[in-house]
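Visitor: Sequence:
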Amino acid sequence: MVQALSALLWDVDGTLAETEFEGHRVAFNRSFEAAGLPWRWDRDTYGQLLAVSGGRERIASFLRQVEGREPERERVEALQERKQALYAELVRQGGLVLRPGVGRLVAAAAAAGLRQALVTTSGRGAVEALLKTVPPPVPEAFAFWICGEDVSRKKPDPEAYRLALDRLGADRRTVLVVEDSPAGLAAASGAGLPCLVCLSEASRRTPTDAFAAARALIENLEETAGGIVVRRGPPCPGGQVTLSWLQQLLEPP
Numbered sequence: 000m001v002q003a004l005s006a007l008l009w010d011v012d013g014t015l016a017e018t019e020f021e022g023h024r025v026a027f028n029r030s031f032e033a034a035g036l037p038w039r040w041d042r043d044t045y046g047q048l049l050a051v052s053g054g055r056e057r058i059a060s061f062l063r064q065v066e067g068r069e070p071e072r073e074r075v076e077a078l079q080e081r082k083q084a085l086y087a088e089l090v091r092q093g094g095l096v097l098r099p100g101v102g103r104l105v106a107a108a109a110a111a112g113l114r115q116a117l118v119t120t121s122g123r124g125a126v127e128a129l130l131k132t133v134p135p136p137v138p139e140a141f142a143f144w145i146c147g148e149d150v151s152r153k154k155p156d157p158e159a160y161r162l163a164l165d166r167l168g169a170d171r172r173t174v175l176v177v178e179d180s181p182a183g184l185a186a187a188s189g190a191g192l193p194c195l196v197c198l199s200e201a202s203r204r205t206p207t208d209a210f211a212a213a214r215a216l217i218e219n220l221e222e223t224a225g226g227i228v229v230r231r232g233p234p235c236p237g238g239q240v241t242l243s244w245l246q247q248l249l250e251p252p
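For the sequence shown, position 79 (counting from the first letter as 1) is numbered 78 according to numbering that gives the first Met the number 0, and the numbering increases by one without interruption.
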């Protein structure tokens with residue numbers, strides 16, 4: 000028997016908002032510039048670097064590639080701390096907003112009594128900066144946040160989702176994850192949680208078979224000029240993802 004949906008676990012970057020290319024990427028580049036470094040990540044380069052979860056890890060991976068040696072921890076930390084401050088400044092300027100349908104669905108889930116939380120490998124400061132720009136009731140709907148500082152292994156490792164499930168104290172069969180990337184899907188699946196993937200600007204070019212474990216694969220949460228695009232999963236004829244549609248995703252494929 001399929002249990003009733005009781006909780007939603009939301010990724011942040013790319014899922015709540017399109018933060019990667021015009022938010023995090025810009026902040027990384029400004030951090031490099033402020034440090035007198037010549038690197039500027041274009042969209043293609045950054046798209047490839049997104050395979051590495053976490054800002055510190057992303058910087059360290061890039062430095063290994065371009066310098067051929069293990070980077071000093073203090074150097075990576077300084078670049079990341081500056082980047083986080085620059086990202087928060089960008090967010091305060093109002094350039095990053097929730098993706099269409101996110102606020103509506105979060106509010107509907109809260110009104111229906113579902114528990115909700117954020118599960119991200121971004122830093123807590125970046126999450127706080129984004130949510131400060133979002134009006135009620137969305138920020139208050141999240142019971143807790145699992146952030147990069149809370150885990151020792153970041154996505155695609157399932158540690159963050161296992162920790163979230165433990166804090167929820169819920170039956171995993173009644174919890175649904177909303178993600179946008181292969182790494183996030185792998186993390187959710189590794190924790191034994193069903194996952195809806197809503198493709199983002201960063202993941203839209205990823206081959207569909209990279210999302211084979213998702214219960215559904217969609218391009219948007221509510222109707223745009225092209226309607227709701229469902230690449231795989233139940234039809235969504237009403238023009239928007241609803242709680243009743245999400246309930247269908249708890250049924251094993």
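FYI, nobody ran anything at the bench for these hints, they're computed from the structure.
Any given hint might turn out to be false.
With beta-carbon atoms standing in for the labels, derived distance ranges [what the hints assert, rightly or not]:
{"hint": "1", "residue 1": "Arg171", "residue 2": "Gln239", "range": "24 to 34 angstroms"}
{"hint": "2", "residue 1": "Gly67", "residue 2": "Ala110", "range": "49 to 59 angstroms"}
{"hint": "3", "residue 1": "Pro206", "residue 2": "Pro234", "range": "14 to 24 angstroms"}
{"hint": "4", "residue 1": "Gly191", "residue 2": "Glu66", "range": "32 to 42 angstroms"}
{"hint": "5", "residue 1": "Ala209", "residue 2": "Pro233", "range": "19 to 29 angstroms"}
{"hint": "6", "residue 1": "Arg74", "residue 2": "Ala111", "range": "43 to 53 angstroms"}
{"hint": "7", "residue 1": "Ala106", "residue 2": "Pro233", "range": "34 to 44 angstroms"}
{"hint": "8", "residue 1": "Trp38", "residue 2": "Pro234", "range": "39 to 49 angstroms"}
Distance condition first, Cα-Cα at most 25 angstroms in a straight line; then the derived DMTMM-like pairs of lysine to aspartate or glutamate [claimed, not checked]:
{"hint": "9", "residue 1": "Lys131", "residue 2": "Glu73"}
{"hint": "10", "residue 1": "Lys131", "residue 2": "Glu80"}
{"hint": "11", "residue 1": "Lys153", "residue 2": "Glu127"}
{"hint": "12", "residue 1": "Lys131", "residue 2": "Asp208"}
{"hint": "13", "residue 1": "Lys153", "residue 2": "Glu221"}
{"hint": "14", "residue 1": "Lys131", "residue 2": "Glu250"}
{"hint": "15", "residue 1": "Lys131", "residue 2": "Asp156"}
{"hint": "16", "residue 1": "Lys131", "residue 2": "Asp170"}
{"hint": "17", "residue 1": "Lys131", "residue 2": "Asp43"}
{"hint": "18", "residue 1": "Lys131", "residue 2": "Glu21"}
{"hint": "19", "residue 1": "Lys153", "residue 2": "Glu222"}
{"hint": "20", "residue 1": "Lys153", "residue 2": "Asp170"}
{"hint": "21", "residue 1": "Lys131", "residue 2": "Glu148"}
{"hint": "22", "residue 1": "Lys131", "residue 2": "Glu17"}
{"hint": "23", "residue 1": "Lys153", "residue 2": "Asp208"}
Computed from a prediction, not measured in an experiment: that's the story for all the values here.
Backbone N, C-alpha and C define an ideal beta-carbon position, used for all residues, glycine too.
Visitor: Determine for every hint whether it applies to the structure shown.
Guide: Checked hints:
no.: 1; hint: Arg171 <-> Gln239: 24 to 34 angstroms; verdict: 26 angstroms, holds
no.: 2; hint: Gly67 <-> Ala110: 49 to 59 angstroms; verdict: 54 angstroms, holds
no.: 3; hint: Pro206 <-> Pro234: 14 to 24 angstroms; verdict: 23 angstroms, holds
no.: 4; hint: Gly191 <-> Glu66: 32 to 42 angstroms; verdict: 39 angstroms, holds
no.: 5; hint: Ala209 <-> Pro233: 19 to 29 angstroms; verdict: 21 angstroms, holds
no.: 6; hint: Arg74 <-> Ala111: 43 to 53 angstroms; verdict: 48 angstroms, holds
no.: 7; hint: Ala106 <-> Pro233: 34 to 44 angstroms; verdict: 22 angstroms, violated
no.: 8; hint: Trp38 <-> Pro234: 39 to 49 angstroms; verdict: 45 angstroms, holds
no.: 9; hint: Lys131 <-> Glu73; verdict: 29 angstroms, violated
no.: 10; hint: Lys131 <-> Glu80; verdict: 19 angstroms, holds
no.: 11; hint: Lys153 <-> Glu127; verdict: 19 angstroms, holds
no.: 12; hint: Lys131 <-> Asp208; verdict: 36 angstroms, violated
no.: 13; hint: Lys153 <-> Glu221; verdict: 30 angstroms, violated
no.: 14; hint: Lys131 <-> Glu250; verdict: 35 angstroms, violated
no.: 15; hint: Lys131 <-> Asp156; verdict: 28 angstroms, violated
no.: 16; hint: Lys131 <-> Asp170; verdict: 31 angstroms, violated
no.: 17; hint: Lys131 <-> Asp43; verdict: 30 angstroms, violated
no.: 18; hint: Lys131 <-> Glu21; verdict: 18 angstroms, holds
no.: 19; hint: Lys153 <-> Glu222; verdict: 32 angstroms, violated
no.: 20; hint: Lys153 <-> Asp170; verdict: 23 angstroms, holds
no.: 21; hint: Lys131 <-> Glu148; verdict: 19 angstroms, holds
no.: 22; hint: Lys131 <-> Glu17; verdict: 16 angstroms, holds
no.: 23; hint: Lys153 <-> Asp208; verdict: 22 angstroms, holds
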